[in-house]
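**Q** Residue strings, one per chain:
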Amino acid sequence: MLLIPCPWCGPRAESEFACGGEAGIVRPGAPDAVSDAEWADYLFMRTNHRGLHREQWWHAHGCRRWFIVRRDTVTCRIDGVEKMGSAGAAP
Amino acid sequence: MQGAPAMQRYSIFSLLRNALSHHERWQAAWRSPEPRPAYDVVIVGGGGHGLATAYYLAREHGITNVAVLEQGWLGGGNTGRNTTIVRSNYLWDEAAHLYELSLKLWEGLSQDINYNVMFSQRGVLNLGHSLQDMRDIHRRVNANRLQGIDAEVLNAAQVKAMVPILNTSPGARYPVLGASLQRRGGVARHDAVAWGFARAADARGVDIIQNCAVTGIRRENGRVVGVETSRGYIGAGKVGVVAAGNSSVLAAMAGLRLPLESHPLQALVSEPMKPVIHTVIMSNAVHGYISQSDKGDLVIGAGIDQYAGYGQRGSFHVIEGTLAAIVELFPSLSRVRMNRQWGGIVDICPDACPILGKTPVRGLYFNCGWGTGGFKATPGSGFVFAHTIARDEPHPQNAAFSLERFTSGYLIDEHGAAGVAH
Amino acid sequence: MTQPARLRHGGRINRDRPVAFTFNGRQYLGCEGDTLASALLANGVHMVARSWKYHRPRGIVGAGAEEPNAIVQLGEGSRTVPNARATQVEIHEGLIARSVNCWPGLEFDLLSLNGLFSRLLPAGFYYKTFMWPKSFWRHYEHFIRKAAGLGEAPTERDPDYYEKFNAHCDVLVAGAGPAGLTAALAAARSGARVIIADEQSEPGGSLLHARESIDGLPAVSWLRRTLAELAAIPDVRVLARSTVFGYHDHNFLAIAERLTDHLAEDRRRGPRERIWRVRAKQVILATGACERPLVFTNNDRPGVMLASAISIYTRRYAVRTGNNAVIFTNNDSAYATVLDLLDAGVRVAAVVDAREQPRGPHLEAARQRGINLMAGSAIVDVRGRRRVQAAVVASLGADANGLRGNDTTVVDCDLIGVSGGHSPVVHLYAQSGGRPLFDEGLAAFVPGPAVQTQRSVGGCRGSFALADCLREGYEAGTAAARETGHDAAATLPPGPGTLERHDYTLRPLWRVPDPPGHARGARQFLDLQNDVSASDVLLAAREGYHSVEHVKRYTALGFGTDQGKLGNINGLAILAQALGQDIAATGTTTFRPNYTPVTFGAIAGRDLGDLFEPIRLTALHAWHVEHGAEFENVGQWKRPWYYPKPGESMHEAVRRECHAARNAVAMMDASTLGKIDIQGPDAAEFLNRVYTNNWHTLKVGQCRYGLMLREDGMVMDDGVTSRLGENHFYMTTTTGGAARVYAWLERWLQTEWPELKVYLTSVTDHWATIAVVGPRSREVMKGVCGDIDFGAASFPFMSFRDGTVAEVAARVARISFSGELAYEVSVPADYARHVWKALMAAGAPHGITPYGTEAMHVLRAEKGYIIVGQDTDGSLTPQDLGMEWIVSKTKDFIGRRSFARADTARPDRKQLVGLQSADPALVLPEGGQIVDRPQWTAPVQTTGHVTSSYFSDALGRPIALAVLQSGRSRIGQTIYVTLGDGRVAPATITHPVFLDREGKRQHG
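Residue numbers (the numbering used here), protein chains in the order written: chain L, 481 to 571; chain U, 973 to 1394; chain Z, 148 to 1151.
Since the hints were derived computationally from the structure, they do not count as laboratory data.
The structure presented is a predicted model; accordingly, all values stated were derived computationally and were not measured.
Some hints could be false.
[Unchecked claim] List time: in silico PhoX-like cross-link candidates among lysine-lysine, alpha-carbon distance up to 20 Å: (1) Lys1246(U) / Lys846(Z); (2) Lys563(L) / Lys904(Z); (3) Lys846(Z) / Lys1038(Z); (4) Lys1010(Z) / Lys1147(Z); (5) Lys281(Z) / Lys1076(U); (6) Lys293(Z) / Lys200(Z); (7) Lys200(Z) / Lys1246(U); (8) Lys929(Z) / Lys984(Z); (9) Lys275(Z) / Lys200(Z); (10) Lys792(Z) / Lys984(Z).
I would like the entire structure built from these sequences, with the hints used as guidance.
**A** Next up, the structure:
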């Protein structure tokens, strides 16, 4: 039961949240302009990083905001959070 | 063969003979050789799948200059952490054929490798709790029968007769309406599968090298030439990667991306008790599955944690949910106690089916993405992966499980309808 | 019924409160305060169990969680508990306990024959045999399973209930021994919020039997004073009978508190157990240490006990564990037991000390009392079967791996106390993610660096002297409190000062040499519960099972209910020695939760039965119940399935309901549909992106059907959305998909399109929706609503009007999921029953009939309308469903790009079709697969299946929907549907719309 520091509500139990997985996956701006392989990369391929990575969380049973958590996938240690659209934050 | 001593046969007679010498004369089940500079084939990952691959490379294809590299101890990944369910009642033809190939191998495996893997065909029940569950069960059972896979639909009374302690009351929150039954399904002793394949592969000359972590995959001109390891560089004509829980990490070493997310999956056992459950019972609707081992422990699979994790540990509330499901299904087990829990790392694929085949790097093959269901596929996976590596082309039974399917859209969606991805 | 081995004085039991209990059918008396183990010992009962594999007689070894042998079945019937540890069971009036895993009984156990064959049953023997003949495994296994397990699971529903508390604290202290108590005291004095939990019936740990004094007070008096001080401080919670059993990520710990099992059944009130789910800012582990056994031949005989357990039984429970003792040790701590025995008047025949030159403060004290000290020696064998009769002592060689000569001395005794040193209880530390390190000086694993905000103090960090425990605890408590912003402690009096230090010199002795003439390691037990001996570990090492994990799995070492708290460390040391490597390199197996077993029901808590999943009911639910509805679970909802009249079958009821909808008027509670209120200047653009069709063209007052895809192009949901205003839409989703769709929309809005000004609100529960369906529906509506013009042209299909229905402000939409003229009336949920009844009344002259989901399914199937999740399975595109008409070619939307992929663009994909059964009486089975020929032999490629199938009242025959490869081009062909039992049924492929393909009825 992780303790997720919601940037809007403060630390809350993981059971209030839904994890959206890897952050920073950008939808091609012009889908028709990309190849099937590039589209597949967007759709399915993941970095699945072992170590510190950025991931999306949704405070489903709280403020219902999506935000980004920087978390180590080995130790579960949370390094920090970002609000959506904050400086430099890719979704 | 590379001078491995003839394998000592296991039987009641060898057991008797060795008892006379106080069991002081048993040979090692496998050697622990130093890695050689190069092999024809290097298998990365000493779990059941990797060891089976090495065994079938030797047995089916005569390729014995093979090393299996294991970063920790044999069978220490998901092989030794799963709930040991074996079945082949998958929805889609491609998956059903792959798992059925495996199930047929299971049926003769102990004799084949001369190691009792205790494959126990005590039947697998998949419970249906809603009208849609039952539609899905009928669909899957009918599909299985078309593939020659044993499958039948039971009503609630028939389920109750098989599992008297199951709560089949119509007043339950999600009452049991019926189930599918695969009688040939069951459980096996997971460690024994790794050990038995290791011993049998070793006897055919395969080098099994533990505590040897792969840190790089060396390529030249688009072709794999060897692997960097914690024990030095090892040359390889071909490299087969079967490293569940680390697939993406190894893929990245070869510049590849995979459609995988690695998640914690937990399981737990009760204290050992006199057997009360004689079959395998799985329920997707209430998220619980259970069997009872030959030692008497109830073996219970929990759900997947929602976040990616390589830590082999998950969250407690997942265990809470799982035990609520178990007590909901089996109210008399409420006073039984949970002895131990543990976690594995499952590589989740978008269609809940594995990736098993060639990669854009020549001579490099990947076998990954089994999610929560890899154990049952162990012999079959090894069999077709060995074929793929030996012939540089997939076996008919794994042709559909290519990485290419994610580009073409030919997904084999095993959680779409049946949702029985364990 | 006296208690022959009860000491006359001392102990913490209440001699004035005798407690009657039953063990193996015999009545005994114990005292209030006894455990089952201490009460049995007080009655002179030593042999209490049979071992799992060889069924050897076994006695009580320990006094707590480490006990491997004394496993009993408690109680009978629905309240029975399997595998209870007698050392942790508090006796109460009427307690019934019996030994497990023996037949017919403990004294005479037929399965002890296994012991005769023990040489045939080494570790892993089953991997090597039972393979011939091939088909016989099931027969072999049948017998193996007969021998499986210890206790028996209850077979009746648990009459008790369980609950959970969530708690937050500054400092959680696990263990209320001396270190834990001073930690809690320091933190509490600092003003921190403290929870301290201890697994025993009362706090105190080793203080409950300690010989020492603290601050000039006997230990138990100091304990009383300290507990009183803690009790007086607010924000301190002391939990007894509470085991911290799991240490998870982010300092989340789980505690199991046992509330009623120690009480007589008629005194039990409230929940049986409670799980505390604690989030602690700081954690202090003070879980103490386990005494380590010594591994010698026949070390499992009843009467061989841990020295510390003897002290506990003697001083805390006032039990004489024997009359003539031999103590076998490799360190000083067991001499305290010698003193305790002498104080209790027990003869100590000899003290066998592995050390060449034993020393230590307890030894010195014992020496003054006169003891027969056999230094540099070891017990190599035990005589006696059901009870120790003598110890066989020999002189140890210089390196302890062999004996000095073959001479042995036989010392008669009925009790052997052993101490092989101490193993810090590092379980929780390891569970927190830490890696224990091997300390050569202590010959023990101790905690390494903390990985969470956690400290280990006292015995669990390898500090075995009481003075160190008290000091470390106080310091850690102070520091932990300070980290949480409470540092008042600095000004408070220093912690309790104290007494002499231990001299912890120990001669590691992992395995005593075999007695002359014995096979290596045979019957030298490491894991008493699983009958794992040193020879098993040596065999594993010989056979190549070199990892400590392999040894555990090959031999079952540490797999018991005690999880190897005693002998695991000996096993891995023996392995290390066999492999010629040091213990640190060999490492430990992973310490996993739970520390001790925890009841399933407690972990499940209240989330059972109706609370297993929330039950969602519509505002009209009571009406449905009153009118005899049968219900169907749809997601979390209970939906009326059909409304049988007395004596009516489901088939008859559904036909009647369908008949009313097609020929008169019927109504249905459609409130479970997901409803999302969508507002904002970019709302239309947003819908344009998430639906396949165009939404900019929808006018205010109109409704439109929408299909939602996943990004891979597959259908995920559908529903009708209305435009309430220029910037205001009202979306409906499928019942089961509501939450998923809402989350999906929010995600796209917030993460992908933050530039869109759109706001979503789930309003599913705010509105009740009633569908009024059938050719007479217009008349019914007119009867309850005077302010809407229901003219066919003025209120056309796919539009809505606001008005007043039965005096309630309502929105009336002219939409249809049945193909009939139909209206959906939405009112605030609180008015639902009133409006429903008004509609029923207005419809009565027309024969209005309530209908359920089954009739709804039939009506929509007659029209070829899909149900997402029934006719689709996540692998079908709109084109597959014949819904190209709803897919815009002029804009992008989620999933569109995926249509162009090779497989998705294939012409021979599965397509939605209709099926007409050749047998007019046969409703084809849903889930039946489609084959081309009536005879087939496996394997046959699957090409499609029946998704929906009903008897159509309107058509007077069965209809079915199916998905079938290239189905649309095969209309008219005959196929065969498998019936699941080898038979097939012929059917003709048809267009999926069976009724009114032109849609005249809904436009009427």
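**Q** For each hint, tell me whether it holds in the structure or not.
**A** Results of checking the hints against the structure:
1. Lys1246(U) / Lys846(Z): At roughly 69 Å apart (the allowed maximum being 20 Å), Lys846(Z) and Lys1246(U) break the hint.
2. Lys563(L) / Lys904(Z): holds (17 Å)
3. Lys846(Z) / Lys1038(Z): holds (19 Å)
4. Lys1010(Z) / Lys1147(Z): Judged against 20 Å, a Cα distance of about 12 Å means the pair holds.
5. Lys281(Z) / Lys1076(U): Distance ~14 Å between Lys281(Z) and Lys1076(U) Cα, so the pair holds.
6. Lys293(Z) / Lys200(Z): holds (12 Å)
7. Lys200(Z) / Lys1246(U): holds (14 Å)
8. Lys929(Z) / Lys984(Z): It holds: about 15 Å lies between the C-alpha atoms, which stays within 20 Å.
9. Lys275(Z) / Lys200(Z): With Cα atoms ~17 Å apart, Lys275(Z) and Lys200(Z) stay inside 20 Å; holds.
10. Lys792(Z) / Lys984(Z): Measuring from Cα to Cα gives roughly 19 Å; hence the hint holds.
Violated hint: 1 only; the structure is consistent with all others.
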